[in-house]
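A.B. asks: With the hints as constraints, model all of the structure from the sequences given.
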Amino acid sequence: MKRGAAGAAGVAFAAMTTVAGAARASSGMDSPEIGVLQLGRGGAWVARADDPLAAYFNPAGLAAQRSGAHAGVHLMHLSQCFTRLGPDGRPVPPSVTSPIPAPGSEGGPDPEVCAAGGVFPNPQVAATFRVSDTLAVGVAVLGPHGVGERAWPESIPYTHPTFGDRTQPSPQRYLLTSLDALIVLPTLSVGFTPAEGVSLGAGFIWGAAAIDFVNFSEATVSAGGDDFNAHRDLRTRVKAADLFIPGLVLGARWAATDHLDVGAWFKWQDAVRARTDLRIESRYWTPAGTRNEDPCGDEPPGCNVTDEENAGELRLQIPMEAKLGLRYHRPRAGVARAAEPRVRDPLADDLFDLELDFTWANNSAVDAIEVRFREGIPVRGTVVGLVPPNADVPHRWKDVMGVRLGGDFVALRDLLALRAGGFFETKGQDDADLNLDFHLGYRVGVGGGVTVRVGPVDVSAAFQHTFFGALDNGGRGNIKAVSGAATAGYRSLQSVNGGRFESSLNEFGLSGTMRF
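When you line the sequence shown up against our numbering, it's residues 910 to 1425, in that order.
Just to be clear, a hint being listed does not mean it is correct.
Listed next, with one range per pair, are the computed distances between beta-carbon atoms [as the list claims (entries may be wrong)]:
1) Leu-1419 x Phe-1153: 25 to 35 Å
2) Thr-1006 x Val-1353: 39 to 49 Å
3) Val-1353 x Gly-1133: 32 to 42 Å
4) Phe-1153 x Pro-1032: 18 to 28 Å
5) Ser-988 x Arg-1281: 56 to 66 Å
6) Pro-1032 x Pro-1240: 28 to 38 Å
7) Glu-1218 x Ser-1041: 30 to 40 Å
What the hints contain is simulated information worked out from the structure, not anything from laboratory work.
Just so it is clear, CB atoms sit at the ideal spot from N, CA and C, and this is done for glycine as well.
C.D. replies: So, in structure tokens, the structure goes:
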């Protein structure tokens, strides 16, 4: 068996999370899109599209806006926990050859492992420039509606009945231990009104992503279970970047009647293609399951560290998305027509509105993430071997359908609006394919918000809670770690994603939009 080939394991799973994180911006796996007004309405906004973020979410809406600037931020708290189980339905021990107690057993740690909590800020900025009565230009800089930084434990504490307080390698280590992602989607769009009541829009996206990811892999295939002994575990850190992920958005809006608007949106984005830098640390654990602080001993420092630039390449096809929205609004009686033709101001013109949106994301375009490596990369600190050139990671995603319902009530004309809404999105993955990169169970979200107009500035706040349907395969997972065993197809004998994955998301948004 070639132990060095296991360096690909960490890279493969890192690749899975890396490109998946980038895909969150465009694959319907958000909950739903970013934006404070959208948050308060359950994402039902494609037909309304009344602030500068329309540059991304429906550029046709730019044509009915005054010139203005927008800045907002979401403060997001994502709670995630994973209970790893084997095919027998029992928690998986960290080693098949060690007397360390299994999670959930007497003297062992809690079988449920949770990511570290904390509030993640997710900002957005945008602007609209009205060129003429029929033409407007918009620009937006935003990211996906997600948390770009997560930390799962490398090891977990327990109290040994004889030796007292100890630690052991965490059961989810082969899937994820840390992720730090910066993903931005600068978008330049135009909105045009070719005829009364009809608006069209289009935009160009220059996407960019940089990700720093850590997980563990197997150096050699173990006897049907995890085994950190004999230096089998490798800690792998991957840095990847794709600074040009081009895409486009198309939008339309039609005032079918004085009370009914129809909105539509479509997005396409090119595949993520990222070069990866790789760092592998072997001999990471001591036989007791604690971190090895002196892995080299009398050997030269760094004897167990492999640093390789441009080690491989990742590729993920980003799914297409589409939305269709129907918005009923009740104009206020006796309100004078806006001084600027074709400009809409719901806070001044409407009594209330209610919107129903239908969404689709072509997630089934992603069957696997391609992870390919340069041939001939050795892994230091192990029996000399090579990283396998093909370490593709199966995902087997499914299309996601969604429905969103939300609206505004203008309590005080030109001063105060209240809003509420909710959404539902279907399950996007079989339980047996669950991973910790993000949660693909069904989603249900409920939220509410408020806008107060202070002179030329609309100040908005919103809160939303998202429920995730748990993914639970009872220990019969499909994902296997990459190992150094060529005879086993460079895969572990055991699955590493068996168990139950649970998530919930709370977020607060605050924004300001100035019109001029």
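A.B. asks: Are the hints correct? Go through all of them and say.
C.D. replies: Hint by hint, here is what the structure shows:
1. Leu-1419 x Phe-1153: 25 to 35 Å: Roughly 32 Å apart at Cβ, these two residues keep to the hinted range, so it holds.
2. Thr-1006 x Val-1353: 39 to 49 Å: holds, 44 Å
3. Val-1353 x Gly-1133: 32 to 42 Å: holds, 38 Å
4. Phe-1153 x Pro-1032: 18 to 28 Å: About 22 Å separates the Cβ atoms of Phe-1153 and Pro-1032, which means 18 to 28 Å holds.
5. Ser-988 x Arg-1281: 56 to 66 Å: violated, 35 Å
6. Pro-1032 x Pro-1240: 28 to 38 Å: holds, 34 Å
7. Glu-1218 x Ser-1041: 30 to 40 Å: Between Glu-1218 and Ser-1041, where Cβ atoms are some 51 Å apart, the hint is violated.
Violation of the numbered hints given earlier is confined to hints 5, 7; the remaining hints are satisfied by the structure.
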